[in-house]
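Engineer: Sequence:
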Amino acid sequence: MKTDITVMKKYIASIKNNKTIAIYLITAILCLLFSACAINNPATQNKKLTAQSADDSRIAYGTRGQGETTLLFVHGWLCDHKVWQPQIDYFSNHYKVAWLDLAGHGDSETNRQKFTMSAFAQDVKSVSDKVGGEKIILIGHSMGGPIVIETAKLLGEKVVGIVGVDAFYTPLASFPEAMKLVFLEKLKNNYPVALEETVKSMFAKSANPDLINLYYKNMLAADHKMGISSLYECIKWNSQQEPLELKKFSSKLYNINGAPTGKEKVLHESVVLISGVGHFVAQIKPDEFNAAFEKIIENLKD
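If you count by full-length UniProt numbering, then the sequence shown holds residues 1 to 302, one letter each, in order.
A couple of the hints might just be wrong.
[Stated by the list, open to error] Ranges between beta-carbon positions, derived for each pair: (1) D129 to K248: 20 to 30 Å; (2) P176 to K301: 35 to 45 Å; (3) K217 to F183: 12 to 22 Å; (4) R58 to K263: 23 to 33 Å; (5) E109 to K263: 21 to 31 Å; (6) V266 to R58: 34 to 44 Å.
[Stated by the list, open to error] Pairs of lysine-lysine residues, derived as DSSO-like cross-links and limited to a Cα-Cα distance of at most 27 Å, are as follows: (7) K130 to K180; (8) K158 to K48; (9) K205 to K130; (10) K200 to K265; (11) K153 to K130; (12) K252 to K301.
Calculated directly from the structure, the hints in this document are not laboratory data.
Using N, Cα and C, we set each Cβ at its ideal position, and we do this for glycine too.
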């Protein structure tokens, strides 16, 4: 690289008496260098795309990679597609990967008033329709779990697999609905404090406090009304529909859950536990998560 720069300098010096040529030459070199940076940076290759959901919400999404199977990643409550960045970078080398910001999250735009799991599923379907593919694996983190189940009902046989990430068969799932509704009231009365307590509970005790604070600030930035509405609808879905829906999709459903202390028990045969991590399994331990997910993909191929 140093040799190349030296050659350039000598050549420019040789034409120093012709300023016009020198300016054109330098401009061309800079253009080439910036172009090379853009080509080598995967982030610059992702176009910001939009799909129109059933209620006309504008859903921001993206896609990268190629393959017979499409992996469609759905984030959870108050998050956006960026939580999946380690998975997007890794799996797009071998598969077609797609992601989105649900209505009311990230870069998506909406006038929606009621944020039900089925409405969010329409967001995912709108992206799936744009991306295409006859073999789709849906991956949903947290609230994204119920959403991908609802999406599977819309997409039918195209869905060859569903992966819940700390969404189903977790200790939280066994909490009585009344306790969850008490938290919802706390959220309504003092949103920032209630959210901070919740975010802290999502991490293992060994987690970096700065990291916890970063997640808290990002989640706090999401629309509060959407946050309360979507949480209420998620609680309602879990209490009224979860048992039936999980049974319906049992042949396609796998789960990767966090085990903060490492002593947690597997609550269902479909669950893989990753020790030493709380709710944000794929983000805090991406390598272990990716390895577990790869095994699931292989099982779905059989």
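Engineer: Now look at each hint and say whether the structure bears it out.
Structural biologist: Now for the hints, and whether the structure bears them out:
1. Checked against the given bound of 20 to 30 Å, the beta carbons of D129 and K248, roughly 23 Å apart, stay inside it.
2. Between P176 and K301 the CB atoms are about 39 Å apart, so this pair conforms to the stated range of 35 to 45 Å.
3. Distance hint for K217 and F183: a CB-CB separation of about 20 Å, consistent with the stated range 12 to 22 Å.
4. Hint check: R58 to K263, Cβ distance near 45 Å, so the stated range 23 to 33 Å is violated.
5. The hinted range of 21 to 31 Å is not satisfied by E109 and K263, whose Cβ atoms lie roughly 44 Å apart.
6. Take V266 and R58: their Cβ atoms lie about 41 Å apart, and the range 34 to 44 Å holds.
7. At roughly 36 Å between alpha-carbon atoms, K130 and K180 are farther apart than 27 Å, so this suggested pair is violated.
8. As the CA atoms of K158 and K48 are separated by approximately 25 Å, the hinted pair is consistent with the 27 Å bound.
9. Using a Cα cut-off of 27 Å, the hinted pair K205 and K130 is violated, with the two alpha carbons roughly 41 Å apart.
10. Between K200 and K265 the alpha-carbon distance is near 22 Å, which keeps this suggested pair within the 27 Å criterion.
11. Among the hinted pairs, K153 with K130 is consistent with the structure: their alpha-carbon atoms are about 18 Å apart, no more than 27 Å.
12. Restraint check for K252 and K301: satisfied, since their Cα atoms lie roughly 11 Å apart, inside the 27 Å limit.
The structure is inconsistent with the numbered hints 4, 5, 7, 9, although it conforms to all the rest.
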